[in-house]
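Both chains are sitting in their own frames, so use the hints and assemble them into the complex.
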Amino acid sequence: MDLGVKPMSYTSSNVSLKSGDGVSDMFPAGLRVLVVDDDPTCLRILEKMLKNCLYEVTTCNRAELALKFLRDNRNGYDVVISDVHMPDMDGFKLLEHIGLEMDLPVIMMSADDSKSVVMKGVTHGACDYLIKPVRMEALKNIWQHVVRKKKYEFKDKDYEQSGSVDELDRQQKPNNNEDLDYSSSANEGNWKNSKRRKEEEDEGDERDDSSTLKKPRVVWSVELHQQFVTAVNHLGIDKAVPKKILELMNVPGLTRENVASHLQKYRLYLRRLSGVQHQNGLTNSFMGPSDMPFGQMSSLNGVDFQALAASGQLPPQSLATIQAAALGRGPTKSSIPLPLVDQRNIFSFENPKARFVESQSQSQTQQHIKQVNLLHGIPTNMDSKQLASLHQSAQSFNNMNMHNHVMQMSGQGQGQPQSRSQILNEINVSDLPSSSSSSVISQPVLSQANIPTSFLGRNGIIASLPQPSTVVDFSSQTTDFAGSNNNINNNNNNNNSFSSKGSGEFVPSYDVFNDLYQNNRPQDWRVQNVQGGLDVSPSVLVQQRFTTSNQKSVGQNRGLSVINNNINKTAYSEIGQQINSSLSDNQLRIKAERLPDMGFQNGIFPHEQHFGQEDLMSAFLKQQQEGVGSVENEFGFDGYHLDNLPV
Amino acid sequence: MHSHILLSLSIHIAAYKISLLISFSLRSLTIINCVLRYYFRGRTNSNMQRQLATMKQSLFDQGYLDEQFVQLEELQDEVNPNFVEEVVTLYYRDSVRLVQNLEQALEKNPLDFSKLDSYMHQFKGSSSSIGAKKVKIECTQFREYCRTGNGEGCKRTFQQLKKEYATLKKKLEVYFQFARQVGPVEKARRPK
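Protein sequences appear in the order of chains A and B. Residue numbering for the first sequence follows the numbering used here, starting at 85 and increasing by one per position. Residue numbering for the second sequence follows the numbering used here, starting at 2 and increasing by one per position.
Derived by calculation from the structure, the hints in this document are not laboratory data. Beta carbons are placed, not taken as given, at the ideal position from N, Cα and C, and that holds for glycine. Don't take each hint at face value.
Stretch by stretch, here's where chain A covers chain B in the computed footprint (C-beta under 8 Å, at least three residues) [said to hold, decoys possible]:
1) 6 to 20
2) 118 to 124
3) 127 to 140
If we strip away everything but chain B, and leave its shape as in the complex, we get (with noise of 0.2 Å):
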């Protein structure tokens, strides 16, 4: 008899514990758990930081930017958040333009030197503002060829031109996605 009840008792102390242990668990593993996320989420961004500022290195290794948009990042502030952006931007617009220009006027026969030089002109002082150096690099070679009216080497310089300037906006276009979303936390958590 005694022992039924003992049992029984036993048994009941041994839920008892066992469900204190796991609740017990269960908070520990919350507490754990939320830890844990709330570390994550701080590797995380500055994960991503890191990652942008390497994205941004290599577009300067590799030639493809140069200081001058260093100049326009530091222009950028509070009141212009988006500023090398909202630049950047604006070239594109600009430089669709130019670039419409100038080949119809490669397209013509003879070719008239002096308006693909003008042009060519106007895209290079674009380009060199927001520090597109390869692209800058092209233009510079085709106002050489306009120079002493070569119009096979200009078209060719033009091909390779379009080229480097689809892959700089493409590039650019990763940064800036990345950098958007890696700025605004990185503001917020900034201390003023």
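The shape of chain A in the complex, shown without the other chains (with noise of 0.2 Å):
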């Protein structure tokens, strides 16, 4: 058995891996692979099978072991080969462990082929599947998923786009730091997507190597993670905020952004221990990358979200959701639902209530860096299908708070928008709350690359986005925001765990402007803002911004300066007239006043309350009035480029 002994040649052909497509000419050949299992027979078959393919590899039988060797040689291993039922610990913990901690891809295999055990592997995480007996064919392809796994990795450097799948690879990477980063940018309103992929990819080059400018990675050992499951025990799990976690730890060395960036991880592995399931049988994985950035973003959201969670404003799952949708990096263990890339998977989120709650933090740092991305050039028009489906998510979310702020602005682009509106159903999912909190940004109905539009959260933030298809989803945002995902994510409304705190649906999105409504911030949501910087991903979008933003001030109005120019009036007038009608919050009235406080331009008003879609449409329109110049700030987007949007 190998010990982990690595002779040179493995590592080079580790690094051509990174580097470039992972071609070197021994590649496949010196593959580290770590197998773990109970079974002697099993374990001396694969070691053989494994060595005929020319790969290096180092067998244990204990999970432990295996877990120990990892630690030991963190850049050891390439991937891992694992038994589903092993005596010491369980196949999916360990699992868990691995994606937590190291990011490997990890490959299950099993004797047992029933489906629920397969789908339990993929909602963990696992790149693969094996069914036991395992053959020769079978194993000589498992490079692949190294190789994919790092091509994201890469592609995210790259890619300037705000593609959701890109970022949803980006996310999977488990970089606690730059998650952490992003939220700090993101609540300074540095909308570019760009920007945000470069920090995730030095994120991803953390996790490699050093990066210059992130932080040394925290390793998350036993003990320090037990000290922090006490820690989060202790507090509550909806309480949980990084700040007091990390003085409960009491761990010198230790920041709020690695407890913050671990606390979305872990709220994402709690809510899948709850048998959250993913309409869309969202994976882990997907979740589980997205968590990193959402973590970070949480620390920074965490604060304001608490903030606005006090305040009602946005309910936790909203956020989450939102944040999910927002950011298209995938819902970190925040719960969020993933907004971006998967629009399925928006919907399949159970529920970001949970999540929310822990993600409430989480989301709104999030918001920021993801929503950017969902709001490509946030248009704001808004097809009037949109606006109906508006009209129907912010029914649903009318309690949303703004968490969601689904932002989703729709500025990003086209290509989000679909998952916005799904984020933002998702969102919307009634869970949230229709806390008073910042506008939930319902997540918008994106699909147009132009409509950015704001989603309102409850605060009447009506994200206008423009997405061709699901836009309509927007309109349920009108209320509560809850997920401008209309329809879509009716479902999803339901049964996302967005419970938003009683901002009653919220689309994910909302977070945005709850981040917004937070901070108080003058952001300038301005859709137009976001079109440029934004990436609008649904998930992104919303969620985590707003969700922090001053409840109060977001009701104010923040108006979802997410809502472009381009957001058809009338969407807008329509929304502002939902917004007006349903909106029987006061947070709504006040946002309307308010309104032209915040000088939204876009009119996409942070409503705290969960605003219905005729309130969110007039919340819009009349943030189009005022300009949503705070917007951006207290949705501490990172990635948005509001006009307004005070950096």
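Here's what the structure looks like:
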């Protein structure tokens, strides 16, 4: 048995993998595989098979031992193959640990080929699932998982667009530190997707080696994690804020950002445990990686979120969903439904509810980042369809706190819109309490590239995301914002754990708004801005940022500036009307009033309370007039460049 | 007089001839013997090989082994010339432990089906890895009884399983013994 002795040649092959397409003349020979299985027969057979494939094999028959090998030699393995049923630790648990600590591709295997177990593998993030008895042919191709993972890391770097898929991939990288950075940058309103990407890239790099701008990676050892869990339990999963956790843990050298990102992941993990079933079977991996980014965002958002939550504006869930939605990255622990890229995922997210709570904080931070992506060129044109959907979703979201800012500020671009709407829907899931929190920006219908439709979060921010198809979602945002994802997400919405605190369904994208609110920054959510920099990915948009924004301010009107000028006036008017009408909440009204203050350009208001679609529309309209200057700041979108968003 | 001399001469000559003949025969016989021996040795080996192949085929035909066993054989090479036997030995050792666990668990009252199922799952996994087809079938049947909570069915199947396991073990032992005899010769004569 090789015990991790890696000849230089392997290193070089690994390096080449990293640098390019990973094609060294040796590759895939020399691939370093760690096999974990308690059955000695199988272990021997696998070892021989892998050796015949010219891979470098390390075997162990206990999961704890495997973790030790992995921790001792962080970059010493390329792929892990693990059995599902093991006496000392469940294979899925090992999978989680590996995902949390050292993002390696993990292949599960078992004699059990029942659908439920395979599904479990998928949701926990396994790259592949092999049925025993394992054949040589199956093992010959495992190198594809390594290349795929690395490829996406690279791709992220180069990818300038807000392709949600990419974002998602990027998010897969477990970069705690980076996420944190992101969130901070997000808060600053750095909307540029590319920038975000770069950061993500850096994160990815960091993973493999040290990046200049990243802090040293924190290794979450078992003890540390235990302390973390104790602290979280002590605080209560809903109230667990990175700052407090950090204090409780009292570990020198640990930063709040580290805790925040880890919290995100942890939340995602818990959500998974609770059996959240995504409709589309979101995989953990999907979620997982994205968790990272969320986590970071959450750190920042967390604070805001808390505030928001406190004010009841942002339903945790909504935030989560929004985050998820908004963040192209993918839901991090915060259980934000992965917004992006996979619209389906969003739907499937059952619940961001649980996550939301956790993710609230996270989502906030995340939102900004991702959301930006969502809003590519935020076109503010909202199709009537979108509006309609918005309406629908809005209703559902009514309670969504702005958390869900689904920001999807449609600005982004088309690609996102779909996802956005979904996200929105998800977010909308009524879970979001219509907390007064910042407008949850419903994700908008971003479908259309242009519409940055701000999601109106409860605050009445209506993200008029022009989503070609899903735009409709936005309409639902009007009130609760829950999720502009309109109908699509309706189902999801219901499922969404967003159970926004009060705001009702909140489109995840609303988080963005919430953030905005919380921060009271005059962020200009203008969709337009978003356009520029926003990569409107439904998920991203909203959530994070908004949730954090102060609720009060958010309510005010954050006016989702997100809404692009392009947003159809009609849309806005509709929203406005809706908002007005459905806006039973004071907040909404307040928002409306405040709108002028907000100076939203696009009229996306972050409504604290859930706004009905109509409300959202009206809010939007208002915002449009007012311009959402402060939105940006409040939302803390990193990537969004809203016109008036204060940086 | 002359006749005497002639007679003795002829006798000598005859004797000489006879001895020549005999020696010649002997020599040729020796040669023939060698040739024949060589010839027969070859035939014996290939006979054995043929026998081995027939044995293996029957194991497959009778359902004792399946495709996975072929995979194992393909892994065997110069580096690990007895790989298959090595793996099967590992399997025996592990199965003893599993069978023991199962027996103990089956004696409990009431039966803990989930535990039984878990043990059997492990046993099924190993058995399928070496290609023990009939054993695997019994494992599946056992698990089905566990699922439905049929204690009697479990016990019955377990007995059946042990029988299949014993049969396979015996057959494989013969097979490996034979293979060991044939193997090296074969390898020696096989052109590199």
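Each hint, compared with the structure:
With a threshold of 8 Å between beta carbons, the proposed coverage of the segment 6 to 20 of chain B by chain A is violated, since 0 of its residues qualify and at least three are required. Coverage of the segment 118 to 124 of chain B by chain A holds. Counting CB-CB distances below 8 Å, 3 residues qualify, and the rule asks for three or more. Counting residues of the segment 127 to 140 of chain B whose beta carbon lies closer than 8 Å to any beta carbon of chain A gives 5, which meets the minimum of three for the stated coverage.
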